[in-house]
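Protein chains: 2
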Amino acid sequence: MREIFQSQLHEVQTRLIEIAEDAARVAEKATKAFTTSDVTLADEAIAVADAMTNKALALDELVIKILAKQSPVARDLRILVSALRISASLERMGALAGHIAAIARYRFPGAAVPEALKATFEEMGALDVKLAHQVVELLKNTDADFARQIQAEDERVDELHRSVFDTVLGDSWKENAMFTVDVTLASRYHERFADHVVDISSKVSYLTTGDWSDEDLTA
Amino acid sequence: MREIFQSQLHEVQTRLIEIAEDAARVAEKATKAFTTSDVTLADEAIAVADAMTNKALALDELVIKILAKQSPVARDLRILVSALRISASLERMGALAGHIAAIARYRFPGAAVPEALKATFEEMGALDVKLAHQVVELLKNTDADFARQIQAEDERVDELHRSVFDTVLGDSWKENAMFTVDVTLASRYHERFADHVVDISSKVSYLTTGDWSDEDLTA
Chain A
1 MREIFQSQLH EVQTRLIEIA EDAARVAEKA TKAFTTSDVT LADEAIAVAD AMTNKALALD
61 ELVIKILAKQ SPVARDLRIL VSALRISASL ERMGALAGHI AAIARYRFPG AAVPEALKAT
121 FEEMGALDVK LAHQVVELLK NTDADFARQI QAEDERVDEL HRSVFDTVLG DSWKENAMFT
181 VDVTLASRYH ERFADHVVDI SSKVSYLTTG DWSDEDLTA
Chain B
1 MREIFQSQLH EVQTRLIEIA EDAARVAEKA TKAFTTSDVT LADEAIAVAD AMTNKALALD
61 ELVIKILAKQ SPVARDLRIL VSALRISASL ERMGALAGHI AAIARYRFPG AAVPEALKAT
121 FEEMGALDVK LAHQVVELLK NTDADFARQI QAEDERVDEL HRSVFDTVLG DSWKENAMFT
181 VDVTLASRYH ERFADHVVDI SSKVSYLTTG DWSDEDLTA
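Chains A and B supply the protein sequences, listed in that same order.
Start counting the first sequence at 1; every next residue gets the next number (the numbering used here).
Start counting the second sequence at 1; every next residue gets the next number (the numbering used here).
Because the hints were derived from the structure by calculation, they are not lab data.
Note that this is a predicted model, so its numbers are computed, not measured.
Take these hints with a grain of salt, some might be off.
When chains are identical, the list treats them as one kind, so a pair holds in a single copy or across two.
Said to hold, decoys possible - In the EDC-like style, the derived pairs of lysine to aspartate or glutamate whose C-alpha atoms are separated by at most 16 angstroms in a straight line are:
1. Lys55 <-> Glu137
2. Lys203 <-> Glu61
3. Lys140 <-> Glu155
4. Lys65 <-> Asp76
5. Lys130 <-> Asp195
6. Lys32 <-> Asp43
7. Lys69 <-> Asp195
Sequences are here, hints too, so could you generate the full structure?
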């Protein structure tokens, strides 16, 4: 029984990693599409993001099946509940990166980002991509120190997010309302993407270090 | 055993209803604070939203405890997994309404909404409040028809959300970038709030009408 359960947990982990790889792929394509007005990349990003919904749904069904058949307690139970939450976060990451791609698509052949903010969005996009790749690694190694390290790394994204507003609200901002709307939303999507990475990292860190009060849960 | 389980499920439902009532309260205070620049209401909204986080966390812990002690299968299991998701959506609704209140707070004593969009945000805010109250009702009566009815009602919110962009991108929009940023984000928060209502309604509707393939889950 324990052996079957371990192989099922392994299957959950493998599928989470696959979905995280998709999220990283969407982020790569979307952030590049956004700063370079590449409509083909934007379409690819949106397609991968759309396909993630069904993968997340299938994973959730697998988790519910395992919960029903194995009736896990304590840490095993928490791992499965966390898997449901991580899958929800990964799906949102795909959707948010998809929104970034959609702005690029919508503005094509025009640029979605004015020159004054190009470097900011390039850095913010590169950070989101890096964070997404780190989530893939984290789901593979489930290392608590690595999880804590990732949690600190969204600070720079938050800083860049605030700097977008400083630029837009500054005296030198001469762009029209369309650019203002686009960069406001795109910046928010980049920031929320990183937030989900932090959420996932906290969950992994909690799972590897948490005090589960096992006696209570298995009583 | 079954009796204990039923009383535990009832406790989960009662707590979800309480958190949904909080979400409705935050929406009421926040949307009013936003259109009337009432900073006291904004502060109250933010305080209620902050307190929701711990309530949602406590509910999640209760659900995990029930899963561990009762090892439910089939429909009972799905109800508990759905409770986790509904609690996450309710918490996000509180956070989003809190963001709306924060914009009002930040702009005080100035207005957060320019005259041209006041009626739009009044309607959008009233719809969010109405939807939040409907979620409270739905969690009480778990009626599938009512759930489907709610799912259709966010269409008007989406329409208003799009109309905010039409206004901002139109020739008659003469407001500064600060207003453009504020209304863009506020509109997005209102729309996401309604999205979560739709998500919750789908889950309730699924629970009351879904085909659970019970033989598979209880095998």
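Review point. For the identical chains here, do lysine 130 and aspartate 195 meet the 16 angstroms Cα criterion within one copy, between copies, both, or neither?
Key: within (13 angstroms within a copy, 29 angstroms between copies)
Check your understanding: Is it within a copy, between copies, both, or neither that the alpha carbon of lysine 32 lies no farther than 16 angstroms from that of aspartate 43?
Key -> For lysine 32 and aspartate 43, only the intra-copy Cα distance (12 angstroms) is at most 16 angstroms; the inter-copy one is 39 angstroms.
Exercise for review: Evaluate lysine 140 and glutamate 155 at a C-alpha cut-off of 16 angstroms and name the case that applies: within, between, both or neither.
Suggested key: Neither, since 24 angstroms and 41 angstroms both go past 16 angstroms.
Review point. Given identical chains, is lysine 69 near aspartate 195, meaning Cα to Cα at most 16 angstroms, within a copy, between copies, both, or neither?
Key: Answer is neither: 33 angstroms inside a copy and 33 angstroms across each miss the 16 angstroms cutoff.
Review point. How would you classify lysine 55 and glutamate 137 at a CA-CA limit of 16 angstroms: within, between, both, or neither?
Key: neither (19 angstroms within a copy, 32 angstroms between copies)
Review point. Is the C-alpha distance from lysine 203 to glutamate 61 at most 16 angstroms within one copy, between copies, in both cases, or in neither?
Key: between (20 angstroms within a copy, 14 angstroms between copies)
Point to revise | Intra- versus inter-copy proximity for aspartate 76 and lysine 65 (alpha-carbon distance at most 16 angstroms) | key: The answer is both: 14 angstroms in one copy and 13 angstroms across copies each meet 16 angstroms.
Hint violations for this structure: numbers 1, 3 and 7, all remaining hints satisfied.
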